[in-house]
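Given the coordinates of chain A, work out where chain B should sit on it, guided by the hints.
Protein chains: 2
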Amino acid sequence: MIIVPSSNTIELCPIGVVHRQRSDEDVNDGELISRIVVDKKYADGLVGIEDWSHLYVIFWMNRISDEKKTLLCLGNEPKMPTVGIFATRAPVRPNQIGLTLVELVRRERNVLVVKGLDALHGSPVLDIKPYPYWLKGHWIVVTKYKTPAYLRKINKKTTRESQSHE
Amino acid sequence: MIIVPSSNTIELCPIGVVHRQRSDEDVNDGELISRIVVDKKYADGLVGIEDWSHLYVIFWMNRISDEKKTLLCLGNEPKMPTVGIFATRAPVRPNQIGLTLVELVRRERNVLVVKGLDALHGSPVLDIKPYPYWLKGHWIVVTKYKTPAYLRKINKKTTRESQSHE
Chain A
289 MIIVPSSNTI ELCPIGVVHR QRSDEDVNDG ELISRIVVDK KYADGLVGIE DWSHLYVIFW
349 MNRISDEKKT LLCLGNEPKM PTVGIFATRA PVRPNQIGLT LVELVRRERN VLVVKGLDAL
409 HGSPVLDIKP YPYWLKGHWI VVTKYKTPAY LRKINKKTTR ESQSHE
Chain B
289 MIIVPSSNTI ELCPIGVVHR QRSDEDVNDG ELISRIVVDK KYADGLVGIE DWSHLYVIFW
349 MNRISDEKKT LLCLGNEPKM PTVGIFATRA PVRPNQIGLT LVELVRRERN VLVVKGLDAL
409 HGSPVLDIKP YPYWLKGHWI VVTKYKTPAY LRKINKKTTR ESQSHE
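First to last, the protein sequences are chains A and B.
Take any residue in the first sequence, count from 1 to its spot, add 288: that is its number in my numbering.
Take any residue in the second sequence, count from 1 to its spot, add 288: that is its number in my numbering.
Here chain A stands alone, though its shape is the one from the complex (with noise of 0.2 Å):
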């Protein structure tokens, strides 16, 4: 058995923002375009990034106050259960964390261009990561999954395949 220390507070700086062109954008459109400006300190990390079609973006929510944080999701219609905050994308989880996997349309010098990002203007971007991700030689993309049968309801069988760039 090994001692794990002890977790403390953890602190992290944003490398950027999201931009949007208009406050009224509907951020679930998948299509929809946004813009992540980069801070110019760290516009150097960007290079090369160009050569991926999709990116991870990992976000802060920072609209959500922590009143509105929850463990539990009640169940809001007959058949929807109710389940823990880990089992959900909510917003309202005790890391206000978001992570949305993207299409990078185009670098502008320390800004991308980016399709299918969920996050509200002003969301301090946390970090930014290719995908897919490799080990030993693989890429890793999995597409044999199991998913709860109230959403499986709701949402069709078929996945939707962004662009292909390959």
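Simulated from the structure, these hints should not be mistaken for laboratory data.
All of these numbers come straight from a predicted model, not from anything done at the bench.
Heads up, a few of these hints could be off.
Quick list of in silico lysine-lysine cross-link-like pairs, DSSO-like style, CA-CA up to 30 Å [to be verified]: (1) 434(B) to 329(A); (2) 432(A) to 434(B); (3) 403(A) to 432(B); (4) 328(B) to 444(A); (5) 403(B) to 424(A); (6) 444(B) to 403(A); (7) 444(A) to 434(B); (8) 432(B) to 432(A); (9) 441(B) to 367(B); (10) 403(A) to 424(B); (11) 367(B) to 329(A); (12) 434(A) to 328(B); (13) 441(B) to 444(A); (14) 424(B) to 328(A); (15) 432(A) to 367(B); (16) 403(B) to 357(A); (17) 441(B) to 432(A); (18) 424(B) to 434(B); (19) 357(A) to 424(B); (20) 367(B) to 434(A); (21) 444(B) to 403(B); (22) 424(A) to 424(B); (23) 432(A) to 444(A); (24) 444(B) to 434(B); (25) 434(A) to 329(B); (26) 367(B) to 328(A); (27) 356(A) to 357(B); (28) 434(A) to 444(B); (29) 403(B) to 434(A); (30) 424(A) to 367(B); (31) 441(A) to 441(B); (32) 403(A) to 357(B); (33) 441(B) to 403(A); (34) 434(B) to 328(B); (35) 424(A) to 329(B); (36) 441(B) to 424(A); (37) 432(A) to 367(A).
The calculated label-pair distances, taken between Cβ atoms and stated as ranges, are [what the hints assert, rightly or not]: (38) 394(B) to 319(A): 19 to 25 Å; (39) 378(A) to 370(B): 36 to 42 Å; (40) 437(B) to 309(A): 44 to 50 Å.
Where a beta carbon is used, it is the ideal one built from N, C-alpha and C, also for glycine.
Below, chain B without anything else, positioned relative to chain A:
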């Protein structure tokens, strides 16, 4: 044009910690079993998580010191170019956030037993999210993507699929 609020430091609290059985385990072995011990005060957040076969684990790579952090990864082989940190998964990034898609083997109350987590023993866990995500009635799984030529020479074209649950 909308004014973007200035970004300040963000504070997070670990919700749990990665436990390993032995200190000499190879965290890059995709078959390696790990335990995520979720703090008991957050355990309610795990209700129903076993309905998902795959989870994103967002963790903190707490052994990365500030001095090691970089924005450019220097190419260390003749055909490996120098690229920005956000075009890589290297841990020496401005915010040392780790993101790994794992397979959920089982839940034991506040402990998740997972396969494929490349976090070191004692890494604080920040968030857990279900895979895949969904949007307007569609599961989103990206199977067509562009990757850099220098990595395509190393990684096989075939994707390694996880065990099927469905």
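Agreement of residue 424(A) and residue 329(B) with the hint, judged by alpha carbon distance not exceeding 30 Å: 37 Å, violated
Given pair status - residue 357(A), residue 403(B), alpha carbons within 30 Å: 29 Å, holds
Given a hinted range of 36 to 42 Å, is it respected by the beta-carbon distance of residue 378(A) and residue 370(B)? 40 Å, holds
Has the given pair, residue 357(A) with residue 424(B), been kept, meaning a C-alpha gap of at most 30 Å? Distance of about 24 Å is within 30 Å: holds.
Taking only the CA atoms, is the gap from residue 424(B) to residue 328(A) under or equal to 30 Å? The given pair, whose Cα atoms are some 35 Å apart, is violated under the 30 Å limit.
For a C-alpha distance cap of 30 Å, please report whether residue 434(A) and residue 328(B) respect it. 26 Å, holds
Checking one constraint from the list: CA of residue 441(B) to CA of residue 367(B), max 30 Å. Satisfied? 10 Å, holds
Is the straight-line distance between the alpha-carbon of residue 434(B) and that of residue 329(A) 30 Å or less? Answer holds: residue 434(B) to residue 329(A) is near 27 Å, not above 30 Å.
Given pair status - residue 367(B), residue 424(A), alpha carbons within 30 Å: Holds, at roughly 18 Å.
Given the hinted pair residue 356(A) and residue 357(B), is their alpha-carbon gap at most 30 Å? Outside the cut-off at roughly 34 Å; violated.
Agreement of residue 432(B) and residue 432(A) with the hint, judged by alpha carbon distance not exceeding 30 Å: The given pair, whose Cα atoms are some 16 Å apart, holds under the 30 Å limit.
Taken at face value, is the distance from the CA of residue 424(B) to the CA of residue 403(A) at most 30 Å? 15 Å, holds
Violated hints, listed in ascending order, are 4, 13, 14, 15, 20, 22, 27, 31, 34, 35, 38 and 40; each of the other numbered hints is respected by the structure.
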